[in-house]
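Could you use the hints to bring the two separately framed chains together as a complex?
Protein chains in written order, with the numbering used here: chain A, 3 to 226; chain B, 2 to 199.
There are no misleading hints in this set.
Have a look at the derived ranges for each label pair, beta carbon to beta carbon: (1) B:122 / A:171: 45 to 53 Å; (2) B:170 / A:171: 40 to 48 Å; (3) A:116 / B:156: 26 to 34 Å; (4) B:122 / A:154: 34 to 42 Å; (5) B:31 / A:152: 43 to 51 Å; (6) B:135 / A:171: 37 to 45 Å; (7) A:168 / B:169: 34 to 42 Å; (8) A:56 / B:123: 40 to 48 Å; (9) A:154 / B:15: 36 to 44 Å; (10) A:207 / B:158: 37 to 45 Å; (11) B:131 / A:102: 15 to 23 Å; (12) A:171 / B:181: 30 to 38 Å.
Reference listing, derived: stretches of chain A covered by chain B, where coverage requires no fewer than 3 residues with Cβ under 8 Å from a Cβ of chain B: (13) 67 to 75; (14) 80 to 90; (15) 96 to 110.
Hints were generated in silico from the structure; no laboratory data involved. For glycine and all other residues, C-beta sits at the position ideal for the given N, C-alpha and C.
Here is what each chain is made of, one letter per residue.
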Amino acid sequence: MIRLEGVSHRYGERWVLRDVDLELAERRVGVVGANGSGKSTLARLLNGLVVPTSGRVLVGGLDTAKDGPAIRRRVGFVFTDPDAQIVMPTVAEDVAFSLRRSGLSKAEVRARTLAALDRFGLAGHADHPAHLLSGGQKQLLAFTAVLVTDPEVLVCDEPTTLLDARNAARVTALLAELPQQVVLVTHHLEQLDGFDRVVVVDEGRVVADGAPAEALAAYRALLL
Amino acid sequence: MIGLYVPGTSVVHRARAGVKLALLALFLGVLGFWRSPAVVAGGLAVLAAVTALARVGPRRALAQVRPALVVVLVVFAAQVWLADLEKAAVVAGSLLLAVAAAGVVTLTTRTEDLLDAVVRVLRPLRRVGVDPDRVGLVLALTIRTVPVLVSLGEEVRDARRARGAERSVRAFAVPLVIRAVRHADRLGEALAARGVDD
Chain A
3 MIRLEGVSHR YGERWVLRDV DLELAERRVG VVGANGSGKS TLARLLNGLV VPTSGRVLVG
63 GLDTAKDGPA IRRRVGFVFT DPDAQIVMPT VAEDVAFSLR RSGLSKAEVR ARTLAALDRF
123 GLAGHADHPA HLLSGGQKQL LAFTAVLVTD PEVLVCDEPT TLLDARNAAR VTALLAELPQ
183 QVVLVTHHLE QLDGFDRVVV VDEGRVVADG APAEALAAYR ALLL
Chain B
2 MIGLYVPGTS VVHRARAGVK LALLALFLGV LGFWRSPAVV AGGLAVLAAV TALARVGPRR
62 ALAQVRPALV VVLVVFAAQV WLADLEKAAV VAGSLLLAVA AAGVVTLTTR TEDLLDAVVR
122 VLRPLRRVGV DPDRVGLVLA LTIRTVPVLV SLGEEVRDAR RARGAERSVR AFAVPLVIRA
182 VRHADRLGEA LAARGVDD
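Isolated chain B (complex conformation) (with noise of 0.2 Å):
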């Protein structure tokens, strides 16, 4: 779900980012706590009519869940073991569908947008010391840093495997936090080179 924005014109990608993020609200609120086959069905329903007038594709929206899947099916199992089949058919089901009404969202809002109306709800808290616009920037790192550390942890892996060390915890972790840490702190000098807190 990090930088998945698929340009187009749909209603869904015309629709103010803050009105898909109350929605979202909603949505997840009523998977919660109205806890029913019936709510899930409804909700599949009501996410696949969205998912059609956004014009993304069957694919790239189911794409959105693959990442949910192992979580998904570790609480289903839970379920099954700790109550019952349906119960854990409705939670499971909830999950899989707030991971795909956030992932249409995802699909269908630039970020920046997404975080503009996040620092739009955030403004009113100024009074209380919270700065929005750091908020925001926090958050844009956040899913900007994602794919970065992602593709340390492949480097460290291919160097662990290159002096064949496969199987050695600390030969991946020292050197994939030195890296983490050392990108942080170039990350660091590039905000303040582009006049973050200027």
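Here chain A stands alone, though its shape is the one from the complex (with noise of 0.2 Å):
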């Protein structure tokens, strides 16, 4: 359960969030809303990267505020760049990477390693530089690297913006899959299909929020 108090949020002297109440329990909720409207701070107030001026924003009882690392091993994120998100230079190196604090040996790493490539059908490159992986490679291998840990959440903060209709739509394949909770930032409404619940966010505030059908005709009149 992710809950925002009376969330607000500015860069410098600019709001770019205000007054935000929300209770995310659903097991899939979008977040749709024009460029610049909040949805990406909004996104990041989830796993403690950015920690809210006003308000508190809580996952499981903790506050991001005060429980960032707790949180952070709870909720994954995974951004719009995946080269920005890939921080080794191999795909197995990177993957490998998130579960450097897990406990597991050298040999148990590996093998949860290999065995999450298999997964996402990216085994067949462990051993490839990550930077030659075409762009929605690139993106699996990001998606791999935070399901790896097992978040129990996972917020995606448009994933799929860089990529091509066949790769976003493998990324909408995967999603619907994880038994994980997902937040998904996006502008492609038609990966909202099957989702229980789109919160409309429109410069700052949550203009709409319910049921996908009538939060995203809200939202299309907003667009207007």
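Written out as structure tokens, the structure reads:
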């Protein structure tokens, strides 16, 4: 359960979120909004990457302002640009990096890494340089590196924006199969098919929130 | 030499990363201290034997040396001018052998094993405030960032060409620096999201 209580946030003098109150308990939650609406900041609040200027964000009862490390172990985050998220030179090393504090032996880390790569169709690339992967493969690697730690919640900030239609569809299919709670920030509205709830953000405020059909209708009306 | 590990089961692959790094240091030390045609010839023979044992293929081994050729040629020309042909050949040969030897280590050792070895070596320095894991992470990030910067450079060069400003240094440097800083910013955020510093 994620709860935002009276959350406002500003960068310098510019307020990007105002008075947001949300309880996110659904398995699939979509967040939509125009560029600059504050949705990416909203996503970053959920694993403590951004601590709110006022109000508080609770994940499983833990406050992101006080319990950042514990929350980041529970909440995985996938960014738009996988090149910024991949930190190690080769594919397997990047996944293994996520397990560096798991207490597992080197052999166990390697086994778990290879199993995760196999699950996401990257087994054949384990020892390849990460920079030689295609854009779609890089994003799959970013997902693998996050999911190998088995987080309870996965927050994704526009993970398909840089991908072609085929790779975007792969990511959408991957998200659909995950057992975790997923909070997906996206401009690709078709990705929200089958979602339980959609939150619409505009100019830093939640302007619509509910079942996808109604929320997306409100979002489309906003764009006209 | 970035992330070019070639999987294999040769004796060179199986040797411990720390041993390979120590032997590499010894090899470089010998080349550096005893500069003579005989040492360069001996070094070439040793390196050829190790490369053959590693079974990484001559093309891959030679590819390690290619990026250093321009620098080596400049050094060679300077040595011919400042000293003589024999000394120039020894210095240039030593440099090429050093790069090639480092290349064989890179080709046969996973980056994580190399970094583990570096972290192990640095562990005693913990007492004087050095964080070996942090040094290892910085090295890994450096290796990882080189191809990203190359890719950013290519993007900026193409954008400059598309706008007809091929010769403008400013049109290359300014967007490249901005993109590099933005990348660093995102990388820092990603590291935080993955629990570095927690």
